[in-house]
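> What follows is the residue order along each chain.
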Amino acid sequence: MADKPKPNDLLSEINYTPPSRKWMDTPVEWKKGYYCYGAKPKNLDYIGFPNGREWNVTEQDWKLVDNWKEIFLEGMENLLKKFRSFRLFMDICVRCGACADKCHFFIGTGDPKNMPVLRAELLRSIYRRYFTIAGKLGRIAGARDLTEDVFKELWYYFYQCTECRRCSVFCPYGIDTAEITMMGRELINLLGCCTDWISGPLANCYRTGNHLGLQPHTIKSNFEYMLDDLEEHTGVRVEPTFNRKGAEILFVTPSADFFAEPGVFTCMGYLLLFHQLGLDYTWSTYASEGGNFGFFTSNEMMKRLNSKIYAEAKRLGVKWILGGECGHMWRVLHQYMDTMNGPADFLEEPVSPFTGTKFENAKSTKMVHITEFTADLIRHGKLKLDPKRNDNHTVTFHDSCNTSRGMGIFEEPRYILNSVCNHFHEMPDNTIREQTFCCGSGSGLNAGEIEELRMLGGYPRANAVKYVKEKHGVNMLSCICAIDRAVLPPLIDYWVSDVGVCGVHELLGNALIMDGEKERENDLRGEPLPGMEDKGEEE
Amino acid sequence: MGMIFSLVAVIVLVAIAFMGAKQNLLGLFGVAIPYLAVLVFIAGFIRKVIKWGQSPVPFHIPTTCGQQKSLPWIKHSSLDNPSTTLGVVGRMALEVLLFRSLFRNLKTDMSDGRAVYGSNKWLWLGSIAFHVTFVVVFIRHLRFFMEPVPTWVNAIDAADGFLQVGVPHLLITGVVLLAAATYLLLRRIFNAQVKYISLPADYFPLFLIIGIAVSGILMRYFIKVDIIKVKELTMGLATFHTTVPDGIGVIFFVHLFLISVFFAYFPFSKLMHLGGVFLSPTRNLANNSRAVRHVNPWNPKVKLHTYEEYEDEFREVMKSEGIPVEKES
Amino acid sequence: MYNGGKIIAGLIIFIALVTFPFYTNMGKTIEKPADLAAAPDELHIGDLPIGQMRAEHMMLLDKWRDEVVRGGQRYITYDGDEYEKSIQNGCLACHSKQEFCGKCHNFAGVNPYCWNCHYSEEEGLL
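Chains as they are written, first to last, in the working numbering: chain B, 185 to 723; chain D, 115 to 443; chain P, 5 to 130.
The shape of chain B in the complex, shown without the other chains (with noise of 0.2 Å):
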């Protein structure tokens, strides 16, 4: 992008201090590279969502159907009436304000209407106008109504949301917007406006079973690709299988990581991890995608793409399943899956094959994540590894929003981290743990035409890894999450430059010692492993 402006530009830019003017009477300015493309009417048309069409966000006419106030409204009561969380967070906000400058959002672009406490009230003043008593005296009562202008504002405002709950912490009542997004787009599907860029990886994944579109020999010719290199830099020829029934465990993972870098070196890592430990297990075609842009959608689209899961365990006969590296991915998993499409009482409660462990905090899903495999593996000293195969890498570890926020996950990678990497720096306390600042991406933004957006949104954590660059030399980011692995690369060649992304087990997957293997002298990326780089000349 040629007028991509400068980052110091878009810095400058930044001022805290809201405008004058009301919020209500500030109309929204419709910034380029700051809204979605609409969906394309094929896509919702294929996963059966009403009033697809041909439209455009620019264009003053939306071609909204005739009734969308009435189809609107009844939504809303709809959610009112089954989501508990939706009724008492339209209700008991105080705005008192401790939300307002924890938005990632905010912090980037200084939008007032970035401040959590007023992305909820673009909805609450509908709320009020319509579903409370002192609501129908209007303004006074901050209450306004429902019009085309309004329904756009709150369309652009929540796809400026990444519903990463940073907000949630702070507030006194845990009022999340990620909640309020959600009802917010479900809305707001009812509707047909949907973005491009969510309803293309719906259509998707409800086909091929995974976001990508990736159909069962693209699958198998990727994972070609990925165990030629792995032979090349190991020795070793990994063999998984697919769709294998009787297998004990099923590996679910986000198909990004079988897609592109770098997430395919995440990839490369578990398939090394499993080879070496011997583990009985298949990856699945039809349920090859562990995230869910049902999600960032409606909960009925979330349980429909999730179904995958179970059905498949179920049909191959698994025993449990065992999760890759994702954010939001886990958070359904672990908060929505068993309620929607459980209960698994066809699976068993998981145990480590290795180390016997129960993972008795999975013993109703039945469904593992692998950091909490991994890190009781290293902790029973099931792996052989060698840590100074990482020594040319300084890690921090960018704690993602779901598994933070919606989770608790922060030890086990640390613990894996630790154990592969002898070099490790974390970010300021601020920015880490159930503190930690989103990518700018997360909930469907990942949009190359929302780029300038995601930039601004992903500012807070770009800064913090300059900070630790600058103080610690930090040159890897690791994480565990697939969206990350794929937006965090350019986000920090935007603000910081030369600091790598990896997942935790591409670390795993260079330090591990395989059984067999020959002298190891790249990395999994194919680069010189600490002293190995003179090796590649000589030969």
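Any given hint might turn out to be false.
[To be verified] Using 27 Å as the maximum straight-line C-alpha spacing, the simulated DSS-like pairs for lysine-lysine come out as follows:
1. K221/D / K498/B
2. K429/B / K417/D
3. K265/B / K417/D
4. K417/D / K226/B
5. K189/D / K542/B
6. K221/D / K338/D
7. K206/B / K189/D
8. K415/D / K224/B
9. K265/B / K415/D
10. K384/D / K320/B
11. K429/B / K433/D
12. K498/B / K417/D
13. K36/P / K136/D
14. K162/D / K320/B
15. K190/B / K655/B
16. K107/P / K338/D
17. K338/D / K101/P
18. K384/D / K226/B
19. K320/B / K165/D
20. K10/P / K384/D
21. K441/D / K429/B
22. K206/B / K216/B
Calculated from the structure, these hints are not laboratory results.
Since the structure of chain B is already known, use the hints to place chains D and P on it.
Same frame as chain B, now just chains D and P:
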């Protein structure tokens, strides 16, 4: 605009009470309105909470603010990320009694071209001072509603006045309550971000509470009223043998009327956070959703794309890649 | 209603706390302390109308204390007679601590610290 509106509204309320008392409408302002206010408060409060209760919690969505309970050798954060009901009780107690989440508050600023985050406990301090003193002041007022006055109420009064400044002795909580409410108000006016998000519904309760505190303090220290007659009236209310003694003083009726408005307004306003905080599903659930299945009462029937449909579409390519299939054709 | 048991229990506890003054006094009749014996506009020693004494006597005592302790002015003349500005020798000369002061103080939950030092003859020396 919202601030001026709310200020005027409270001034009008004061004027109404003032004129009412001057017009000797003491039965109305001393008995009828207080009863009505308490009735509205109780009925409105119950109605609102029941309304919340009628919506289920379909998904298990605690916000986890510490290490999960997973492997036995990893130290688990039992209060910020509870895995048991006991832990949830602890987390809720910290939240309700000590404002745990607000204590985390930070201030974000741009400094030298980068975002920086500083500790910012003022809001926490102002809020906790406000709420704690509000409760103590509320309890102290039981001396007007119990006869004989219980020792523990007298003890709280004595502790509150332990400085023994002036006659009647200065009660610290009253002053702190007024100061804290004023801080919360000034914050709304002078913090640009908070001002931007503030509604009339945010200013009004503050002005109302400030009005209540000021009229109470005036009555205790400056514009004296006959406290024995006041208690005759309040005990009349409490025992349902209502009486309105002559010559109590107008300031009392202003105080009482503002309190009545406060009670009646409560269930229809953001003040319901008092009840709501206990129902917040991001705080009151244990993070055990993989260990114990959470049930959604309206779990929807949805259309699925089954494996059979999938295999039908991709059977040929699966077979050519050696991927097992259920049916050969 | 979902989680109805817990919600109703919570509501009951809350309502019980809020309505405490009503049921704790159920069926009680309250005996109020005696009414004023004198005409309200008649002046008391110190030139304060009797009607205002109940609300403002503490200010008068406070003023007298300062005059005695800091100014050495121990006596006040009222209606030609001289009175000592003293609780023991002044107020309690006419009023009974228990019957007069105590009744209202107890009724209103007022615990003045006068009695930390002063005693009445009814009680005798401690």
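> Against the structure shown, which of the earlier numbered hints fail to hold, in ascending order?
Hints 1, 6, 7, 18 contradicted; others consistent.
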